[in-house]
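Listed below are the residues making up each chain.
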Amino acid sequence: MKDPLAPFEPSTRDPFDLAKVGHLLRRAGFSASLRTRRELAAAGLDAAMRWVLPARDRADPAADLLQEAIAFGDVGRVRAFRVWSALQGEEPLRDRLSYFWHGHFATSNRKVADARAMALQMATFDRCGSGSFDELAQAMCRDPALLRWLDNDVNTKAQPNENFARELFELFLLGRGNYTEADVRQAARCFTGWHVRDGQFQFHAHLHDAGDKQLFSASGALDGGQVVELAVARRESAEFLAAKWLRFFVQPEPEPASIDALAGVYERAGRNVGATIETLLRSRLFFAASSQRSKVKSPADFVIGTVRSLGARAAPTELASTMAALGETWLEPPSVEGWHGERAWLSPASWLLRSNFVADLLAHRRGKLRPAPHSLFDGLEKPAERARAAALLLLDGVVGAGALAALADVARAHEGDDPAAAAAVLHAAASLPEYQLS
Amino acid sequence: MRSCGYHGRIMGLPDSSRRPPALPLLPAFWLALTGSAAVAQADLVALRGMMPDEVVLAMEVEQPGEALRSLDAAAGAMPASLPAALQAQIALGVTALAVALGGTPAAFADRIAGKGAVVGLAPAPRGEGWLVAAVPGDLAAARAWCERHADRVHCAAAGDVLLLAPTAARLEALRTQAEAQGRGSPGRWAGVDFGVRPSGAGVALVRGVCDLVSLRRLLGAKAPDLERLDGPARFVLSPFVHALAAGDWLQFGVAAGEQIVVEARADASVRAAPFGGLLAHGAHAAPPPIDTGLAYASLDRSFRSLLRDPGRFLPATDVLAVQGFLSIADALDGAQSSFVDDLLGGLDEPAALYVLPAAAGDGDGPPLVLPGIAIAARIADAAVERILFRFAQVLSTIVNAERAQKGLRPFLMRRRHDETGDGLVAEPRPWRGPGRPPIDSGLSPTLWCGQGWAVLSTTEDAAVRVLAHLAQAGPAGAPARGDVLALHGPAIAAALTQNRAALQLARMLDEGETAAAAERFFDAAIAVAAGLHAVVVRAEIGEADTTLQLTVEVVR
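One line per chain: the protein sequences are Z and S, in this order.
If you're matching positions, the first sequence starts at 47 in this note's numbering and goes up one per residue.
If you're matching positions, the second sequence starts at 11 in this note's numbering and goes up one per residue.
FYI, nobody ran anything at the bench for these hints, they're computed from the structure.
In this text, all values refer to a predicted model and were calculated from it rather than measured experimentally.
Among the clues, some could well be false.
Said to hold, decoys possible - Restricting the straight-line Cα-Cα distance to at most 30 Å, the calculated cross-link-like pairs of lysine-lysine (DSSO-like) are:
id, chain 1, residue 1, chain 2, residue 2
1, Z, K203, S, K416
2, S, K416, Z, K157
3, Z, K428, Z, K414
4, Z, K414, S, K232
Said to hold, decoys possible - Where chain S lies over chain Z, by a calculated footprint (3+ residues, C-beta under 8 Å):
id, segment
5, 109-115
6, 118-128
7, 156-168
8, 234-245
9, 356-364
Note that beta-carbon positions come from the ideal geometry of N, C-alpha and C, so glycine has one too.
Sequences are here, hints too, so could you generate the full structure?
This is the structure we're talking about:
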């Protein structure tokens, strides 16, 4: 591919069809109902991009209900609130980027032990996640949950703690190999006195090392803010982020040329995340056949995506606990590295759990699913028609002849109008290997 | 009462000589039952005698139409604040019902069973166990209705009595017994005591009896059994589960006047049984209820007895939990006192639980303001006050240490002293963090001792209000011999309204509802709560019987 990030131009030979809409909505959101997918396929790529991109003039129910979400002081409720926000799908890419940043600046409430701080960190991702990365990085260096998670609230002039500075460079801004141990020590001094009090960031000047430091090419009485400025301006930072975005949005193993191209886009966009991601989502690389169904669905993709693909509603608390059972407990990542994802999501046990989740969901054992599954098959009586409908609902119709025949066999074995018959076909479709891929 | 000449006994069914004693209904129910004069009615005993012996529950209604009218009047009008969409749905349902019945339910009841009816329930699948023997107010109209619904209801006449059943076989069983009744061989239900008989022109009523022995036999392994309950359930429910597990008969009645009263009474009491040791034995009066709260509860149970001998009452796993709890509780006050003997022993049982409205706050308070919850008990030994304060101080220190570990500002401990007594208050620090204050900013855990009472509460305001109420209530009344749970709808509606946004979100998260659906739910819940002046559940555990009474009074 000459310029992998050149815009995808739909044509009669390569149209913007249901499969591409489904791909876009899965990667830039958490999928959508078949009706929405069909409408966007008919409306075209620009309309679909408008649908997923953050809109500043839209009401934001997640922001409006933030205080109520943290009212109970319970992290489980905050987690369910995040699932609810993703289920609502009012801001697909905003929610998707917040999901990305949660894995990037991975912070766990198991140590932070403050549901409010966790909720506010997620709200920061919602607010700043698609804007300037400089601003987001500065905000995160003042984020109470992250500072506590990485021990910076005990980082003082007398006893510098390098944990925050090390992870800042290795996992958040530059990537391994792009800094030295001396850089870490100098940066740690810059962040001394950056503490948390009463649930918010507080700079304690008397605990801050105001002496001269040498970091990268700069020197002087540097502070934490200047560390961020120096780091994000480096080409290594652009390449580090570009690689992560490509792995998250496009392919698990991106080509170096794609990384280089996206890093260039990012720098030319003034390090604006939203503009960079929009370019990526519009690209030929994004819509290439090799990109589609190239990633393993995370538990969130699987659980939230299934409910949204069915055009249904379900209880977010139940969905959050299912995601946790499948290995993805939002607000409690396994380590500061976040979730490793991809093949790590799948095992014989997790596959079975995924299949059981769909069976439980369709049988209303995970709370009431509305609309009921059999209403999705209204008017369809022939097994082949039902198989095709299930494939459209869950797989955008992209299934091999063998899989379609297998679904028809299931439909034939469960003929009738009863909910169990419809559930059996949908359950079979969701158990296909193809459905485990995004 | 063996007035109907039934002396037989059918194999496999309980001996009909088991007679429930007369129903000693509580005063309000008694008044409602005997409030007005009756017209000449069908012989309900004869109608009961038509019920096959397999029936396990029978109900009799002297004037079904009047019963419905009385219930309707007692229930009051639909709350005006009920959401318009819900009002429309209800109105549609009522209209559809009226169309199906050919008039109002009361008018329908007048036609089909205007002069009395007995309904029996026998074990059967798919809800096909009901049987009705009724004397219609308008036999021709009743027959016409039966003909119109012949696909769902099977009817037959036996003199001026109309027999109805859901299946032909069930009707045949009813007709066979009705014929036997006509020959002077009534079924066993004719000999069962239905307790109070309305005399004069009583408010229309429903009375019923359930044959608990037959019911337990039908339920088999699913029959009520205390041994299957966990510890907390045994503590709270043991009198009622024992009554159902050991009683022969459960009588019940519904009355409607100023209030709707439902009362059920079983002829067994836990008092003489091993679990009777959990009762507080009516030694003391419970702290009196308060009318301005959201809820009041008092259980005639002894926490002290439970903790003193947990192995007697609890399953093994719960015994271990109690022992674990006591090992910590006893250590809190060092070697100075015993939690069970000195702390609980220094307080009279039963205690009472009060739920009071939160003090009015400004708009910058927590998004979720919990009501004040207080537990009050009379002090039996003045020495307990010192123990309670030491306990509270140790617990406060532990809580503050945990808060500090989480980066939360500790509660500020303050001693209070005024004319009502001495208090220890854990005051929250002013919130200086981002956004609205957290839920614990609305709490000020308080222990207050004074005027012979000890009050432990979630807020200082609640403690002060409960203590003032107890001081005003004066000397203790009669010893408690039962349980009371009282709910006050308007105060609950106000609390729901105050916390509505947070509760709505909780419903959206837990039920998967849309914001609009959650809003409709709370519109309806608040309207219904605001329309209920009081809902009171009383239980009286007598020497040989157990009575449960539900009273509902609407706002008028």
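Against the structure, the hints:
1. K203/Z with K416/S: Holds, at about 23 Å.
2. K416/S with K157/Z: holds (9 Å)
3. K428/Z with K414/Z: Between K428/Z and K414/Z the Cα gap is close to 27 Å, so the pair holds against 30 Å.
4. K414/Z with K232/S: With a Cα-Cα distance of about 27 Å, the restraint between K414/Z and K232/S holds, given a limit of 30 Å.
5. 109-115: Coverage by chain S holds here, the residue count being 5 at a Cβ distance below 8 Å.
6. 118-128: Result for this restraint: holds, n = 5.
7. 156-168: holds (count 4)
8. 234-245: holds (count 3)
9. 356-364: holds (count 6)
No hint from the list above goes unmet by this structure.
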